[in-house]
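Peer 1: Each chain, written out:
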Amino acid sequence: MSGHPGVGDGFRKSGLAVRWWLLALWSLPVLGVVWTVSQAPAWLEPRLLTVELAPGQSLVLGRDTLWASQADREHIVLRRDAGTGWRLANLSSAKQVWWRSGSGRYDTRPVRSWPLAAGAAFAVGTETFAVLGTEPGRLILQGGGLRWDYDGLDLRRGGRLLPPCHLDWRTRWRARLEKLGLPLVLARRPLRLGGGVYCADRLGLAGVPLDSVVIEPTPTGFALGSGAAGRRDGTPVTVAAGTPEAESLWERSISLGVGDRLTVGRTQYAVLQTAPALELAVVAGARRWLADSPPPVTSGVRVEWGRLTWLWSSGPVAPAGWLGLLLAALAPGSLWWAAREWGRRSRAGNRRLRIALGLALAGACLEMHWNVATVPLLWPYLLAWPVLLVWLGAVRSPWSVGLLAVVTLLLGGGLLALLQLGIGSGEAGWQRYGGSGAALAGAFGGLAWVGQSGWQLVRPAGWPGERRLWWGLRLLGAGSLALLAAQVVAGDEGGWAGFQPFESTKLVLAAAAAHALALRGQSPLHGWSYDAAAPWLRYLGPFILLVVACGFALLFLHDFSPLVLLLCWGVALAWAYLRAHPLPWWRWSGLLLLGALILLLAVGLRGLHDRPDALPLDFQADRIRAWAAPEFYPHAGYQLRRALEAIRAGGWRGTVWREAINGRVMAVPVVESDFAPTFFLSRYGGLAGLVLVGIQAVFIGLLLMIANRALRRLGTGRSWPAALGGFFYFTLYGGAALLAAHFLMSWGTNLGFLPVMGQPMPLLSAAGSHLVLFVLPIVALAVAIEERSHDDPL
Amino acid sequence: MMVVFAAASIGLLQWRLAAIYARPTAVALAAPASPPSRQEDAKLFARALAAGLLRPETDGRIMVAPADLPLRQTYAREHPELLAPHSGAVDWLAGAWNEDSQRLHRMLHFSATGRYVRQQVEDFNAHQLLAAIRWRSDSGLTGRWRANWGGAALALAVTLPPSIDRFLAETPGNWQPWQWVTRWPAVEGRPPVRFRLTPARPVQTGEPLELLLVGAAPAVEGATVVASEPLCAGGSSCAEPEAVAHRLTLEWRAGASELTVSGLPLPAMAFPEFSAQEVSPIRREGGRLLWRGEPGEAGVLWRPRPVGPLSVWPADSAVEAVPPADRSGSAGERA
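Protein chains in written order, with the working numbering: chain B, 105 to 898; chain W, 122 to 456.
Chain B extracted, bound-state conformation (with noise of 0.2 Å):
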């Protein structure tokens, strides 16, 4: 290994005190963690709730009584047969109680669920629908004297397909991929009754509110339930019509057996036993109670409590116990991994072996973000963090080295700032935030690792082939608009199977640009040409891939903030292709038409907020005028009202110290989220923000000194790997420009300099899908053009 001169001499000859350093650096989070844990409020939470009733009697039992998140004070009640078995219903006049039978027979469902069986009647207000058929994708009902026919997508009135309810382009996607016999399993939708119109998936019912009752399919049929707009003091619904066992279905009951799961609120339970009395275990989302005094006594529930869970559940069901030990297994093997990489730094090492604990890392990793909620608190960090070390122990480049160890500081500063969201609430739902990010992060280090290795296997020296970069920037690209469509098609604003592919596609749109601009700077023609030489058709791909995100942003996410996002995205990519142009009179006068195109944006933001009913968008309008005239806006501007006065309860130096309780600053919206700037304000002070802000700004400007020294240590040239350098250049300026653009408008979100946007802070915010997808690829590709760069210098 041949090293260079200058920066990587002087690190390697003081390689032992910045080792030192790196240590000390990456023990910050840890230490902040131990205090954090030190500090934690000293919670009580129910583990296991006996509820005893003679037979016939019942029970109302609500948010104080099951100590269960976001219920109704009477939220359930619990029935005891004449024989030793139970019945739940719900009371709740809008909320649901979700069921999953322990037999196996059912998904989880709502206990006000009915499912439909052929030869059954149910009646919505006055109109009474009898179920002539069902199986899975088909449903036959009768009722109003006509026949209805649903196969999960869309509604047959007397055997006429009815017309989409939105003739939009959306609609359009899924009837043509309908018609092409794509499988639209995902697609399916609830049958919704009620409104005025009868329409593919709505049937309309005279003096029934739209969405009080839905049809949803199942895997084995259809089912009614109550919709959005279903109400226990609204539109009567009887289920059973007809017969002796007709009941409302506001008052149907399930019979609870062993091993079957309920979630009351946010808070999931589990049926132990059923006699002599009712057990339930609390599964994860509890209330809490501070153990300083000891909790009410709730008649007819005796709550058995116990201490928050740091490392092993000794609670009856705890979770998977094969996770633990392999967690055990796992955290030291990664440590001597990393003391192995440190001592030395050998390239001999088995790589194979790192694949296989790299995958294992990674398993163990996703698999605690999917139970995340049942997990023991600090698991996912245990292994989080000794990720973070072995990669700062891994690599070689001083560049590299600075830049993972200011990931390390803000990526433990964020985790840092979600374990206390978690464990300063009284509701231990929270803590799931923190989990999951670290659970995430320790995939995503332990998936790197795992990709290194693979690529020194396959192709242990050199650089990326330009076909291989092609083909694969062309994968990627119809990779990323696949998912936008899944999206569009099955998903929803929130994203799709549990993931947001918006995030993966402005890096997909970032890469393309950026190979564009480097093919441009590849061809002879700088200046305007239509020569045949200037690749335009090239560029066709990121053009299509921008014009999709716009498309996707304003027509189906109806958000303008990721159009600004791109907006400062394209601002400074056009800003990295002017300043490194060959051409002087293009440089400059580029530089200065973008200079004047800033300073007009710049005030056309200060139009908008002197007159924001110019703004020509229709859609989140409400934002705008409250930005610029809160005090006229209580409800729309709510969010920030009560982040400004969480912030300014923190103060300079922020509550944490004094107060292990979060506090007022909870009942911020989304502050696990889009408003975690406040949450850490708030808590930290804004001395902690000003350095946070200090090391967010190092962040990006490492970036960008990388992307230069990609620029100048390959060059722009026609030749391959020098070209690469271009590449490397504006993806990295492109995914900086992102990157800074996010905590712009993450900052002025918090601070009400900018108008609210939905987007989170990187590296702080709880966004599983921004930090996998979007900020930890730029981080290693950064990493991994330095390393490279380290590895085979030109």
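If you are wondering where the hints come from, they were derived from the structure by calculation, not from laboratory data.
Accuracy of the hints is not assured; some may be wrong.
Below, computed lysine to aspartate or glutamate pairings styled on DMTMM-like, alpha-carbon distance capped at 25 Å [claimed, not checked]: (1) B:Lys199 with B:Glu239; (2) W:Lys164 with B:Glu735; (3) W:Lys164 with B:Asp168.
Listed next, with one range per pair, are the computed distances between beta-carbon atoms [as the list claims (entries may be wrong)]: (4) B:Val651 with W:Glu406: 48 to 58 Å; (5) W:Arg409 with B:Ala222: 52 to 62 Å; (6) B:Gly599 with W:Val125: 37 to 47 Å; (7) W:Met122 with B:Ala586: 32 to 42 Å; (8) W:Leu204 with B:Ala234: 19 to 29 Å; (9) W:Tyr142 with B:Arg710: 19 to 29 Å; (10) W:Gly216 with B:Thr154: 35 to 45 Å; (11) B:Trp559 with W:Tyr142: 22 to 32 Å; (12) W:Arg227 with B:Arg264: 23 to 33 Å; (13) W:Gln135 with B:Gly655: 22 to 32 Å; (14) W:Arg409 with B:Val401: 44 to 54 Å; (15) W:Met122 with B:Trp474: 39 to 49 Å; (16) B:Ala344 with W:Arg227: 31 to 41 Å; (17) B:Leu705 with W:Arg227: 23 to 33 Å.
Heads up, incomplete: computed chain W residues facing chain B, CB under 10 Å, no partners named [said to hold, decoys possible]: (18) Ala139; (19) Ile141; (20) Ala233; (21) Arg236; (22) Tyr237; (23) Ala321; (24) Pro323.
Here the structure is a predicted model, which is why all the values come from computation and not from measurement.
Note that CB positions come from ideal geometry on N, CA and C, so glycine has one too.
Once you've looked at the hints, dock chain W against the given chain B.
Peer 2: Below, chain W alone, put in the same frame as chain B:
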């Protein structure tokens, strides 16, 4: 360069934080300096009323345009055969429908302000009707009351608001507590409210009981009406058209297991003290609906009342609520 960038970032944040710490109202949001009438909720309420998206009913309630009105309008033009028959007095398709009303409808149904306004309208409506019942039985019969209205279960409470309690003067005798409908759901029209009494033991034919019903046009099932006396405010006898309550003397019928008493709920407008309760910022003045804080109401800013302990449970649940921690007693028994 990086140092300059970091220093500039820190400086800007420091400047902004200092402004927030020093003068929070500079960035937002304490008391509005301008008349509160310009607040978004008051404005939206007034505009929605003017556009016909909020319509006052004769019984005092306010109807809100349905959430799917834009779709109904589209279908009325393009597929009129696919419109569900409309019920109730309000034909929403009859009103004007233009870009302004579409924008207002969007705000009313799909914005934080609209959600708040609709919630206040719902609260207002829930207290625009009045019906209550109480009873006594010399034979010591006990039982449980439930109520429904247009098929929807009603919540009953035993405690009357003080204004109504004063209005219906205390009746001498061994009367059970009032069963008062605390909240009226959004049911179209004004069907009769049905109170159902399930006695705790089998009743004997001819066993007497007396009822006091607040409401109009009472009808009884399961018992024979021996006497019916219309009552006016204060409990004095008066003619039927002016009556707000009825004293009914009944005798159980043979084989009856349940008593049903129906009556039309009264518009709360008939009880000024009652309708002036601070349940919502909406109020009625000279036939006009106003949002508190509108012109003419300067300085009268409405504030939501703190929510007190809940003492109401769904009366139609066939079970008895067991008070949680703060009350004594053990598990309730099935009625």
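Peer 1: Would you list, in rising numerical order, the hints stated earlier that this structure does not obey?
Peer 2: 1, 3, 10, 11, 13, 23 and 24
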